[in-house]
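Can you build the whole structure from these sequences, using the hints too?
As given, the protein sequences belong to chains E and P, one line each in that order.
Those letters in the first sequence? Residues 1 to 211, by the UniProt record's numbering.
Those letters in the second sequence? Residues 1 to 211, by the UniProt record's numbering.
Since the hints were made in silico from the structure, they are not lab data.
As the structure is a prediction and not an experimental result, all values here were calculated from the model.
Even glycine gets a Cβ: it sits at the ideal position worked out from N, Cα and C.
Keep in mind that the hints are not guaranteed to be accurate.
[As the list claims (entries may be wrong)] The calculated DSBU-like cross-link candidates involving lysine-lysine, where the alpha carbons are at most 35 Å apart (straight line), are: (1) P/LYS101 with E/LYS129; (2) E/LYS101 with P/LYS194; (3) P/LYS146 with E/LYS81; (4) P/LYS28 with E/LYS28; (5) E/LYS123 with P/LYS23; (6) E/LYS22 with P/LYS81; (7) P/LYS22 with E/LYS123; (8) E/LYS194 with P/LYS129; (9) P/LYS58 with P/LYS146; (10) E/LYS23 with P/LYS88; (11) P/LYS28 with E/LYS16; (12) E/LYS101 with E/LYS18; (13) E/LYS22 with P/LYS23; (14) E/LYS23 with P/LYS23; (15) E/LYS22 with P/LYS58; (16) P/LYS22 with E/LYS102; (17) E/LYS28 with P/LYS56; (18) P/LYS123 with P/LYS81; (19) P/LYS16 with P/LYS56; (20) P/LYS56 with E/LYS22; (21) P/LYS18 with E/LYS102; (22) E/LYS58 with P/LYS22; (23) E/LYS58 with E/LYS102; (24) E/LYS194 with P/LYS194; (25) E/LYS56 with P/LYS58.
[Stated by the list, open to error] Covered by chain E, per the in silico footprint, the following chain P stretches (three or more residues, Cβ under 8 Å): (26) 151 to 160; (27) 175 to 187; (28) 202 to 208.
[What the hints assert, rightly or not] Ranges between beta-carbon positions, derived for each pair: (29) E/HIS133 with P/ARG54: 53 to 61 Å; (30) E/ASP199 with P/ILE46: 51 to 59 Å; (31) E/ASP199 with P/LYS146: 17 to 25 Å; (32) P/ASP187 with E/TRP179: 30 to 38 Å; (33) E/ALA47 with P/LYS12: 46 to 54 Å; (34) E/VAL122 with P/LEU70: 31 to 39 Å; (35) P/ASN192 with E/TRP179: 26 to 34 Å.
2 protein chains.
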Amino acid sequence: MKRDMNCPPFQKTEEKIKEAAKKVFLEKGFDGATSRDIAEAAGINIALTNYYFRSKEKLFMNIFEDMIQLFFEGSVQILNKPISLRDKIVELIEHDFELMKKNPNLVIFIMNEVHRNPERLVKAIGYIKQLHHTLFKVQVQEAIDKGEIRPVNSLNLMTMIVASVQFLFVSKPMHMQIWQMSEAEFDQFTINQKRLIIDMVTSYLFETEKA
Amino acid sequence: MKRDMNCPPFQKTEEKIKEAAKKVFLEKGFDGATSRDIAEAAGINIALTNYYFRSKEKLFMNIFEDMIQLFFEGSVQILNKPISLRDKIVELIEHDFELMKKNPNLVIFIMNEVHRNPERLVKAIGYIKQLHHTLFKVQVQEAIDKGEIRPVNSLNLMTMIVASVQFLFVSKPMHMQIWQMSEAEFDQFTINQKRLIIDMVTSYLFETEKA
DNA sequence: AATCATTTTAAATATTTGTTTAAAAAAACT
DNA sequence: AGTTTTTTTAAACAAATATTTAAAATGATT
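Now the structure itself:
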């Protein structure tokens with residue numbers, strides 16, 4: 001039978017499963033999520049997950065690859081954008097904050113699954129390759145040569161920025177417990193944190209009067 | 001029968017189980033680890049894990065609390081040490097790097113388990129309480145009042161430091177994949193990263209000639 | 001309407017899971 | 001020595017797991 005492409009009000013079963021699987025996998029991880037969890041979240045029969053995707057592993061990899069793309073694509077785009085280094089750094093930080101805000105457990109999910117099974121990344125090597133040669137790297141080197149910023153390895157700098165932003169959300173549950181924060185208070189905290197990160201990184205780089 | 005406290009060459013079964021459970025839980029997490037995994041790693045019968053600890057959950061909590069202590073105790077001690085703010089920041093960073101080097105998956109383990117089940121932290125609330133009033137916090141405020149450092153919220157500062165260091169190890173497997181690093185190359189990278197973190201944080205704080 | 005392929009369902013499959021049992025082995029004590 | 005307690009073992013347990021099966025329901029095409 002031909003594929004039926006017109007049923008806008010309804011959601012195709014395959015999409016229902018993917019949406020539910022994304023939700024459940026991101027919450028509980030591969031090991032913690034069961035096929036029944038996913039079927040229940042999607043409101044469908046258990047057998048359907050294996051009818052559309054052949055196995056739990058295949059369904060997981062489908063979601064995982066989506067998440068890897070979501071994780072990388074925005075940053076890669078900004079890294080290659082033709083804007084000043086200063087603007088680029090600010091935009092990188094703000095983009096990451098927005099991404100994390102919309103997907104609070106994206107990073108812990110990815111980090112955990114890669115930690116458990118690094119080979120899974122091999123399939124997503126495409127997005128990864130894009131990171132090796134970016135305009136950002138060139139801009140950092142040029143700025144250093146011109147004496148506009150302190151001498152710094154661009155990979156170290158990039159890592160520092162990403163760590164500052166993303167760890168905030170990796171540690172969100174622990175942070176809220178330790179400091180007895182509500183969701184709203186944590187939100188406010190992230191805003192302050194973003195300000196500090198931007199201020200610290202740009203000040204460090206561009207205030208070159210000393211040393 | 002009385003407890004036998006003298007058998008130095010041999011390892012008591014209870015300790016063998018704890019050691020194996022620590023290894024397996026840190027590698028696979030609570031959901032990914034099975035009782036049989038642990039028994040096999042300890043070289044003992046499956047029933048013994050439930051003989052000494054009453055359940056998988058109880059055994060896990062035993063390990064988890066140990067890890068929480070390991071995670072916090074060193075830092076809390078340094079935060080209250082009677083040394084200068086500058087020395088304290090450097091020591092904090094270096095201590096964390098050492099801790100992470102010795103226990104590469106300590107942080108991802110804790111963050112993941114807390115994310116899955118935040119109530120688990122309640123049992124470890126003792127260590128957490130210690131963080132609310134530290135000498136570090138006082139020192140930061142004093143230094144700001146004296147104009148020695150830039151005005152900064154001590155919690156934001158602390159978070160920034162911890163994030164920079166710990167995320168490096170949370171993302172270690174992904175980092176090695178992306179940048180095609182060997183274990184040795186990653187080690188060297190962490191050394192450079194430590195240098196940048198210390199330089200960035202201290203420069204930002206203490207170079208107050210501007211603004 | 002009849003036929004066909006597609007989708008969905010309930011039930012069953014074989015494994016694996018955490019945990020328990022009851023007996024054996026080892027150790028401690030009298 | 002014999003007796004009791006502690007430790008270890010092999011086997012079994014029920015529940016949960018991912019996956020499959022075969023039949024029912026649905027939808028499209030003729």
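Verification of the hints:
1. P/LYS101 with E/LYS129: holds, 28 Å
2. E/LYS101 with P/LYS194: Holds, at about 28 Å.
3. P/LYS146 with E/LYS81: Between P/LYS146 and E/LYS81 the Cα gap is close to 42 Å, so the pair fails against 35 Å, i.e. violated.
4. P/LYS28 with E/LYS28: holds, 13 Å
5. E/LYS123 with P/LYS23: Judged against 35 Å, a Cα distance of about 28 Å means the pair holds.
6. E/LYS22 with P/LYS81: violated, 46 Å
7. P/LYS22 with E/LYS123: holds, 31 Å
8. E/LYS194 with P/LYS129: holds, 26 Å
9. P/LYS58 with P/LYS146: violated, 50 Å
10. E/LYS23 with P/LYS88: violated, 42 Å
11. P/LYS28 with E/LYS16: holds, 29 Å
12. E/LYS101 with E/LYS18: holds, 21 Å
13. E/LYS22 with P/LYS23: holds, 29 Å
14. E/LYS23 with P/LYS23: Status holds; Cα separation ~29 Å.
15. E/LYS22 with P/LYS58: With Cα atoms ~30 Å apart, E/LYS22 and P/LYS58 stay inside 35 Å; holds.
16. P/LYS22 with E/LYS102: holds, 34 Å
17. E/LYS28 with P/LYS56: At roughly 18 Å apart (the allowed maximum being 35 Å), P/LYS56 and E/LYS28 satisfy the hint.
18. P/LYS123 with P/LYS81: Distance ~26 Å between P/LYS123 and P/LYS81 Cα, so the pair holds.
19. P/LYS16 with P/LYS56: holds, 15 Å
20. P/LYS56 with E/LYS22: The given pair, whose Cα atoms are some 28 Å apart, holds under the 35 Å limit.
21. P/LYS18 with E/LYS102: Judged against 35 Å, a Cα distance of about 39 Å means the pair is violated.
22. E/LYS58 with P/LYS22: Given that 35 Å is the threshold and the Cα spacing comes to 30 Å, the pair holds.
23. E/LYS58 with E/LYS102: Holds, at about 25 Å.
24. E/LYS194 with P/LYS194: holds, 21 Å
25. E/LYS56 with P/LYS58: Given pair E/LYS56, P/LYS58 holds - Cα atoms ~29 Å apart, limit 35 Å.
26. 151 to 160: Since three or more residues must qualify, the claim that chain E covers the segment 151 to 160 of chain P holds, with 7 doing so at under 8 Å.
27. 175 to 187: Holds, because 5 residues of the segment 175 to 187 of chain P bring their Cβ atoms closer than 8 Å to Cβ atoms of chain E.
28. 202 to 208: holds (count 3)
29. E/HIS133 with P/ARG54: 53 to 61 Å: Between E/HIS133 and P/ARG54, where Cβ atoms are some 56 Å apart, the hint holds.
30. E/ASP199 with P/ILE46: 51 to 59 Å: With a Cβ separation near 55 Å, E/ASP199 and P/ILE46 satisfy 51 to 59 Å, so the hint holds.
31. E/ASP199 with P/LYS146: 17 to 25 Å: Holds: the Cβ-Cβ distance is about 20 Å, inside 17 to 25 Å.
32. P/ASP187 with E/TRP179: 30 to 38 Å: holds, 33 Å
33. E/ALA47 with P/LYS12: 46 to 54 Å: Taking Cβ atoms as reference, E/ALA47 and P/LYS12 lie about 49 Å apart, which means the hint holds.
34. E/VAL122 with P/LEU70: 31 to 39 Å: holds, 33 Å
35. P/ASN192 with E/TRP179: 26 to 34 Å: Since the Cβ atoms of P/ASN192 and E/TRP179 sit about 31 Å apart, the hinted range of 26 to 34 Å holds.
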